[in-house]
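**Q** Put together the whole structure using the sequences plus the hints.
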Amino acid sequence: MNPELWIRLGEAILQVIFIVILATVVIKVGTKIIDQFYGRRKKGPFRISARRETTLTKLSKNTLIYVVYFTALVMILETFSINVGALIAGAGVAGLAIGFGAQNLVRDIISGFFIIFEDQFSVGDFIGTAGVEGFVIEIGLRTSKVKSWGGEIHIIPNGNITQVTNYSIDNAAAIVDVKVAYESDFERAEQVINELLKEMPSRYSSMISTPEILGVVDLAPSEITLRIFAETLPMEHWPVGRAIRKEVKLRLDEEGIEIPFPRIVMYSREGTGGVQGGERV
Amino acid sequence: MNPELWIRLGEAILQVIFIVILATVVIKVGTKIIDQFYGRRKKGPFRISARRETTLTKLSKNTLIYVVYFTALVMILETFSINVGALIAGAGVAGLAIGFGAQNLVRDIISGFFIIFEDQFSVGDFIGTAGVEGFVIEIGLRTSKVKSWGGEIHIIPNGNITQVTNYSIDNAAAIVDVKVAYESDFERAEQVINELLKEMPSRYSSMISTPEILGVVDLAPSEITLRIFAETLPMEHWPVGRAIRKEVKLRLDEEGIEIPFPRIVMYSREGTGGVQGGERV
Amino acid sequence: MNPELWIRLGEAILQVIFIVILATVVIKVGTKIIDQFYGRRKKGPFRISARRETTLTKLSKNTLIYVVYFTALVMILETFSINVGALIAGAGVAGLAIGFGAQNLVRDIISGFFIIFEDQFSVGDFIGTAGVEGFVIEIGLRTSKVKSWGGEIHIIPNGNITQVTNYSIDNAAAIVDVKVAYESDFERAEQVINELLKEMPSRYSSMISTPEILGVVDLAPSEITLRIFAETLPMEHWPVGRAIRKEVKLRLDEEGIEIPFPRIVMYSREGTGGVQGGERV
Amino acid sequence: MNPELWIRLGEAILQVIFIVILATVVIKVGTKIIDQFYGRRKKGPFRISARRETTLTKLSKNTLIYVVYFTALVMILETFSINVGALIAGAGVAGLAIGFGAQNLVRDIISGFFIIFEDQFSVGDFIGTAGVEGFVIEIGLRTSKVKSWGGEIHIIPNGNITQVTNYSIDNAAAIVDVKVAYESDFERAEQVINELLKEMPSRYSSMISTPEILGVVDLAPSEITLRIFAETLPMEHWPVGRAIRKEVKLRLDEEGIEIPFPRIVMYSREGTGGVQGGERV
Amino acid sequence: MNPELWIRLGEAILQVIFIVILATVVIKVGTKIIDQFYGRRKKGPFRISARRETTLTKLSKNTLIYVVYFTALVMILETFSINVGALIAGAGVAGLAIGFGAQNLVRDIISGFFIIFEDQFSVGDFIGTAGVEGFVIEIGLRTSKVKSWGGEIHIIPNGNITQVTNYSIDNAAAIVDVKVAYESDFERAEQVINELLKEMPSRYSSMISTPEILGVVDLAPSEITLRIFAETLPMEHWPVGRAIRKEVKLRLDEEGIEIPFPRIVMYSREGTGGVQGGERV
Amino acid sequence: MNPELWIRLGEAILQVIFIVILATVVIKVGTKIIDQFYGRRKKGPFRISARRETTLTKLSKNTLIYVVYFTALVMILETFSINVGALIAGAGVAGLAIGFGAQNLVRDIISGFFIIFEDQFSVGDFIGTAGVEGFVIEIGLRTSKVKSWGGEIHIIPNGNITQVTNYSIDNAAAIVDVKVAYESDFERAEQVINELLKEMPSRYSSMISTPEILGVVDLAPSEITLRIFAETLPMEHWPVGRAIRKEVKLRLDEEGIEIPFPRIVMYSREGTGGVQGGERV
Amino acid sequence: MNPELWIRLGEAILQVIFIVILATVVIKVGTKIIDQFYGRRKKGPFRISARRETTLTKLSKNTLIYVVYFTALVMILETFSINVGALIAGAGVAGLAIGFGAQNLVRDIISGFFIIFEDQFSVGDFIGTAGVEGFVIEIGLRTSKVKSWGGEIHIIPNGNITQVTNYSIDNAAAIVDVKVAYESDFERAEQVINELLKEMPSRYSSMISTPEILGVVDLAPSEITLRIFAETLPMEHWPVGRAIRKEVKLRLDEEGIEIPFPRIVMYSREGTGGVQGGERV
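Chains as they are written, first to last, in full-length UniProt numbering: chain H, 1 to 281; chain R, 1 to 281; chain U, 1 to 281; chain Z, 1 to 281; chain L, 1 to 281; chain P, 1 to 281; chain C, 1 to 281.
Please note that a few of the clues may not be correct.
[As the list claims (entries may be wrong)] Here are the simulated DSS-like pairs of lysine-lysine, each with C-alpha atoms no more than 25 Å apart in a straight line:
#1 Lys246(C) - Lys179(C)
#2 Lys147(U) - Lys147(Z)
#3 Lys249(H) - Lys249(L)
#4 Lys246(C) - Lys249(P)
#5 Lys179(C) - Lys179(L)
#6 Lys246(R) - Lys179(H)
#7 Lys246(H) - Lys179(H)
#8 Lys249(C) - Lys179(P)
#9 Lys179(H) - Lys179(R)
#10 Lys249(R) - Lys179(H)
The hints are simulated quantities; they were obtained by calculation from the structure and are not laboratory data.
**A** Have a look at this one:
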């Protein structure tokens with residue numbers, strides 16, 4: 001622990017402090033530039049859709065932070081004479097372990113790249129993937145964030161996002177099953193519902209066309225199941241479905257058509273259900 | 001940071017701008033050529049079926065975009081003296097991680113190639129694969145898109161499409177189970193349904209032959225289950241099935257044949273079901 | 001872009017056109033030869049069973065197409081000076097990724113080879129594999145096609161076909177469970193069914209021997225379950241099973257033997273089921 | 001395409017024909033020798049159990065066919081100057097893909113070897129493995145065949161046969177659960193069943209010892225469950241179980257002991273179950 | 001076992017004791033420094049949010065312990081002339097086994113790094129991951145600890161934390177389903193509940209806005225299901241949900257609106273449910 | 001096929017016969033020695049527990065057979081000039097495939113070694129592992145055999161035995177749930193059962209201590225569930241549990257305490273459950 | 001087999017005997033030293049918690065046995081001139097197979113190390129991991145042992161212990177759901193239970209604070225579900241939960257508040273539930 005060592009240590013610490021400050025400054029400035037850049041593009045010739053813009057703004061900042069911090073880390077390690085490149089390129093057991101351990105990281109970044117490049121989804125879209133459903137609130141280089149109805153934030157590594165279901169691209173369809181009693185006048189029920197459905201688009205602007213009864217999808221034990229199909233604007237199928245359910249219920253009530261409770265036919269026998277004296281029927 | 005560096009940076013930026021413009025132009029021109037090419041082929045000697053045409057048009061454009069952008073990316077990186085080839089060929093830990101991480105990408109493209117080459121499905125087909133069902137709206141080099149009845153767009157990497165169920169190639173079959181009460185005259189029920197089925201093909205053009213009763217597929221607790229089998233045009237089995245269900249219900253009503261509710265036979269015992277004083281039967 | 005380049009490009013395009021025409025001609029001629037070859041073998045000394053013939057005809061054509069197109073592709077690529085062999089043999093990261101990505105392809109072809117070689121199933125067999133059931137309509141080098149009752153075509157990579165259940169090789173067995181009430185005369189029921197079963201083979205030619213009652217397989221809450229076992233020709237167990245169910249039902253009706261509905265024994269208590277004033281029993 | 005090429009092609013075709021004929025002859029002769037060999041061993045000093053003999057006969061033929069055809073294939077390929085050895089030993093991308101793709105094949109053969117060597121099961125045994133149950137009808141080098149009760153032939157690669165349940169080696173046990181009503185005289189029921197069980201071995205030769213009542217295995221909501229345990233000859237536990245069920249049912253009927261239906265205790269309340277006017281209890 | 005060996009052994013033991021003492025001291029001192037450092041930062045210019053502070057304090061200590069102990073272990077091993085570096089770099093079979101076995105360790109550390117770096121969650125957050133839910137109580141280099149409501153401590157390797165659901169970042173939503181009887185005046189029920197919901201935010205400060213009835217989400221067999229949606233502060237959705245349930249119940253009682261019990265419609269038949277003498281209807 | 005070849009073939013066959021005879025003799029002699037060795041150890045100074053002895057006897061024979069047969073196989077192959085060592089050491093594609101295919105074999109043997117070395121279970125223990133439960137009847141080098149109650153022999157590769165549940169090492173506990181009616185005098189029921197439990201250890205020698213009532217583990221819809229806990233000798237928990245169930249049932253009957261049937265509270269409404277004319281409530 | 005060979009064999013056997021005796025002695029002595037060492041540490045300056053002591057004692061002995069036996073095995077093998085080091089370092093096919101096969105072993109030991117190092121659990125803790133729950137009775141180098149309530153010993157390789165749930169570290173919580181009838185005075189029920197809960201901590205010393213009613217967690221079909229939350233000492237949540245259930249039941253009985261049975265509302269219709277003559281409503 002001679003003085004030279006102390007001097008070298010001091011120098012290193014100074015360098016580290018300088019690197020950290022530099023990194024902070026670069027990120028602050030970079031973030032501003034990104035905001036301005038996407039702000040201006042709205043009027044320039046290279047306009048991009050508003051849908052992609054939020055995505056790209058967030059992604060650019062995210063990428064900037066990763067790159068700056070990664071560079072800073074490598075610079076700091078080199079300050080202490082740790083050669084990252086050699087470390088990573090080194091083969092042997094450690095290399096094998098690192099290579100296997102790091103493959104998830106590489107897969108996440110490749111997947112992230114394709115999510116952006118293929119425009120699979122943008123910030124604000126409602127998607128389902130990797131077992132969760134919700135609105136995309138951030139697409140990053142390594143992870144994406146999705147917010148459910150219930151407010152939970154799901155943080156998903158991009159490599160887990162193999163298959164995506166996007167609800168925000170195309171028109172949706174509200175599918176409502178209505179149960180009609182076997183005992184009621186089935187054709188009148190169909191006619192009453194059809195009349196109702198014809199009136200609905202005028203009251204619900206998110207309906208794209210007149211909903212229709214597809215037909216009898218099930219002859220269930222206690223009821224006939226009719227299926228109603230209504231095309232709606234994207235993401236409007238939930239409120240439209242709830243509205244159809246309510247209006248159908250009220251209209252059927254008005255017309256005195258029965259929505260059936262479960263039925264049962266009961267035979268009562270007089271024996272005790274036991275076998276005393278061969279009494280069993 | 002000497003002036004030479006600034007000049008080189010300026011040059012690089014100019015080159016990048018040039019590459020981006022070039023890529024945009026190539027894609028626009030290429031897209032036009034592809035449209036024209038497939039448009040003309042309709043009358044030329046190398047006609048292809050309409051079914052494959054939409055698929056190939058979309059695929060060609062998709063491939064064009066990938067190739068152009070990839071080339072542009074490599075050119076830009078080389079502008080900044082990053083040798084992509086060496087990067088990819090480099091072995092060591094990083095190489096191992098990249099190799100493992102990228103295998104999904106390679107598998108996607110190989111699978112995509114075989115989907116096209118073997119004509120597993122075309123744009124517009126109704127297929128089931130990887131846990132989703134819907135109409136194919138795009139077959140790309142890396143991913144395919146499928147749209148469900150409900151309007152959701154499923155984006156599926158081709159590597160996930162291992163096993164495909166195609167509903168659009170061959171005739172479909174509507175299979176309807178009708179329940180008949182044990183108490184009714186079973187043979188008359190069979191006869192009534194058979195008469196109805198014979199009349200149906202004249203009313204439903206998508207029925208390919210007279211539907212038939214296969215027989216008794218279940219002696220369930222409360223009912224006898226008859227199965228009706230009706231061959232239909234591809235994808236018409238759903239509406240035909242719904243029509244059969246409705247008509248069978250109405251006809252059985254007319255003829256007074258019972259569609260059974262769940263039955264139960266009840267024995268009432270007089271004790272309280274408790275054991276006070278050995279009262280239990 | 002000197003004239004020499006244009007000339008070389010022209011030459012290349014001519015070569016490509018020539019290769020494509022050649023490939024088309026080879027496939028057409030090859031297909032004819034295959035048809036003739038298998039047609040003639042019917043009378044020659046090297047006869048093969050009809051069952052394998054359809055399989056081999058389809059497979060030969062399928063293989064021809066793959067080989068011709070693959071050769072054509074390699075020739076076209078070499079026209080543009082892309083050496084496929086070197087590409088495939090190349091090690092490094094890309095090689096690793098391709099090697100892993102392509103292993104599915106190799107596994108598919110190996111599996112396909114063994115399906116044919118071991119005669120696991122032929123075109124026309126009814127098989128169950130990889131979660132689907134249906135008739136085999138094509139066995140290819142890489143994928144096989146199976147058609148379900150419902151008309152869906154399942155396209156299955158051969159590598160997914162690990163375990164096969166073949167219904168078309170051996171006689172099948174219809175297994176029918178008949179429920180008899182605890183209250184009925186159980187031995188008479190058994191005797192009545194046995195008499196019926198003895199009459200059946202004369203009426204159903206696909207029954208191979210007299211069906212028999214195996215015995216009481218369950219003493220269920222509401223009924224005694226008898227199991228009937230009937231050996232049939234391959235694939236005839238479904239219609240035979242349906243016939244047995246129908247005839248047993250009709251015969252038991254005739255003989256006044258009860259097919260039981262679910263039973264329940266009910267004790268009614270006079271309290272309200274609440275605890276007001278210690279009223280609970 | 002000079003005449004020399006034609007001559008070489010002709011020679012090659014002649015060689016192929018010769019190889020095919022040779023292979024066919026070798027297989028026919030080999031099969032005969034195998035049949036004779038195992039036929040004679042029955043009296044020779046190296047006797048093997050009948051159980052293993054069928055297995056080994058089938059396996060020997062199966063191995064013979066694989067070896068001959070494989071040799072023939074290699075010879076034919078070498079006729080056309082394709083060096084199989086070099087192909088297989090070749091490293092690089094193709095080698096990697098083939099190596100991974102072929103590992104299933106190697107695993108199948110290793111597993112197959114151990115099935116025979118450890119005598120896990122023989123042709124004719126009833127086994128359960130890889131999700132199927134049935135009689136073994138063939139053990140091959142790569143796959144084994146199992147036939148279910150229903151007549152389906154399951155073709156299972158030996159590599160899938162990791163865990164085997166063999167029903168044919170040791171005595172089996174019929175386990176029958178009998179339900180007795182809470183209301184009946186439980187000890188008398190036990191005594192009646194015990195008397196019956198003592199009589200049974202004289203009537204059923206496949207019972208190895210007197211069956212016994214293990215005791216009360218469940219106090220279920222509506223019934224007491226007694227378990228009967230009967231040791232039987234291998235594979236006889238199914239018929240013995242059915243016989244016990246039938247005899248116990250008849251005996252309990254004779255003795256007037258109740259096999260209980262599901263019970264329920266019902267409290268009727270006078271309110272409507274709604275809350276109008278605080279009417280709820 | 002000459003004296004020299006004994007001396008070397010003695011020296012080694014002394015060195016080990018010295019290393020252990022040194023490690024203990026370094027950890028004690030380091031822990032103090034870490035505590036002071038984060039304590040001071042509260043007023044310095046580089047302030048960090050309180051949320052991250054607890055996380056970083058715990059993590060820093062955790063990392064310190066790992067690094068010190070690992071260094072000590074290597075030093076001790078080298079005392080006994082075991083070269084750890086060579087051991088790890090050594091290829092061959094042992095290296096392969098170690099490399100594969102250690103990949104989990106590497107993956108854990110990489111994942112742990114990204115959890116901190118991307119601020120996926122902090123100590124004190126309520127998260128769901130890897131099948132458990134609870135409050136984060138420690139984020140370490142290799143494992144994180146989560147405490148459930150029930151007091152169980154879950155110790156999860158960071159590599160298992162692929163997908164995280166964080167409940168503490170954003171506002172939550174209480175979703176309550178209320179069942180209304182088909183027989184009641186549905187619109188009045190809706191109105192009564194709406195009035196109640198309007199009053200609630202004044203009484204519950206954790207409600208962020210007035211809760212609302214989304215609509216009819218199900219027409220169930222016995223009841224109409226209304227869904228109530230209430231935005232709340234993070235983690236307050238559980239108590240808010242319980243409060244809404246209670247208040248809705250009490251209000252509906254007051255207003256005499258029925259919360260429905262399961263319904264059933266019963267047809268009583270006079271026959272015995274048997275078939276004696278064709279008596280069946 | 002010159003005479004020299006015939007002579008060498010003859011020599012080879014003679015050698016093979018000699019090897020086979022030698023192997024048979026070695027196995028017979030070795031088996032005897034093993035039997036004697038373990039027989040004598042019973043009195044020698046190196047006594048081993050009886051529990052391990054059966055295991056080691058079976059294992060030693062099993063290992064002997066493997067080693068002898070493997071050596072014989074290698075010797076026979078070398079007779080025909082096939083160098084097994086070179087074959088196995090050979091790299092390339094075949095080596096890769098064999099290496100992957102054989103890893104299961106290696107894993108089985110390593111696992112088998114640890115089962116013996118760590119004394120996880122011995123022949124005769126009742127264990128649960130790999131989804132099966134039963135008595136261990138053989139522990140081999142590669143596979144172990146387990147026999148279920150029903151007599152099935154499960155043959156399990158040791159590599160599948162990752163996690164073992166051993167029932168034969170320590171005392172077991174019989175856990176019996178008793179249901180008591182809400183309507184009965186709950187504290188008296190508890191007292192009656194407690195009295196019974198105190199009497200039981202004197203009658204059942206396999207009970208290790210007085211069983212106790214743990215308490216109320218569930219307030220189920222129709223009953224209160226009490227849990228009884230009884231420590232027993234290993235494997236005696238099944239018969240003890242059955243005995244407790246029977247005695248509790250009889251004692252509760254004696255004392256007139258009710259074991260409850262499922263209860264239901266029924267409200268009868270007078271309407272028809274339909275909505276004709278607003279008739280609903 | 002010359003005399004020299006016999007002499008060398010004799011020497012080898014003598015050496016083996018010597019090694020075995022030495023190993024036995026080393027283990028006996030080592031075990032004693034370990035016992036003494038941990039015994040003394042209780043008063044020394046390097047005290048460790050009692051919780052870790054049992055763990056470390058067992059682990060030290062376990063490690064000693066492994067190390068001694070492994071060394072002995074290597075020494076014995078070298079006696080017979082088998083070089084273990086060369087065997088393990090050998091590459092080629094065998095090496096590949098061994099490397100893959102042995103990775104589980106390495107993973108087990110690495111995991112075991114971290115279980116101890118991170119103090120995830122100690123001997124005596126109640127933990128849940130790898131699908132089993134119970135008290136830890138041994139933590140070894142390769143496997144750990146867990147004993148369930150029922151007395152089963154689970155032997156779990158450390159590599160299977162990825163995620164651990166430790167119940168013994170922190171206070172537990174008893175969570176009890178109480179059902180209250182819709183018809184009862186809900187607020188009085190709440191008040192009665194609250195009074196009871198306030199009295200309980202004085203009677204149950206393992207309760208850490210006054211339990212509280214969280215609120216209404218479900219409006220179920222037949223009942224309102226209240227949840228009670230009680231913090232307890234570690235592992236005391238089960239007995240506390242049972243006590244709460246019992247006391248709540250008794251108190252509600254006293255106060256005449258109903259614990260509801262399942263309810264049903266029944267509409268009786270007069271028709272037969274069939275359709276004869278349009279008789280259906």
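**Q** Enumerate the violated hints, using their earlier numbering and listing them in ascending order.
**A** Nothing - there is no hint that the structure violates, so all of them hold.
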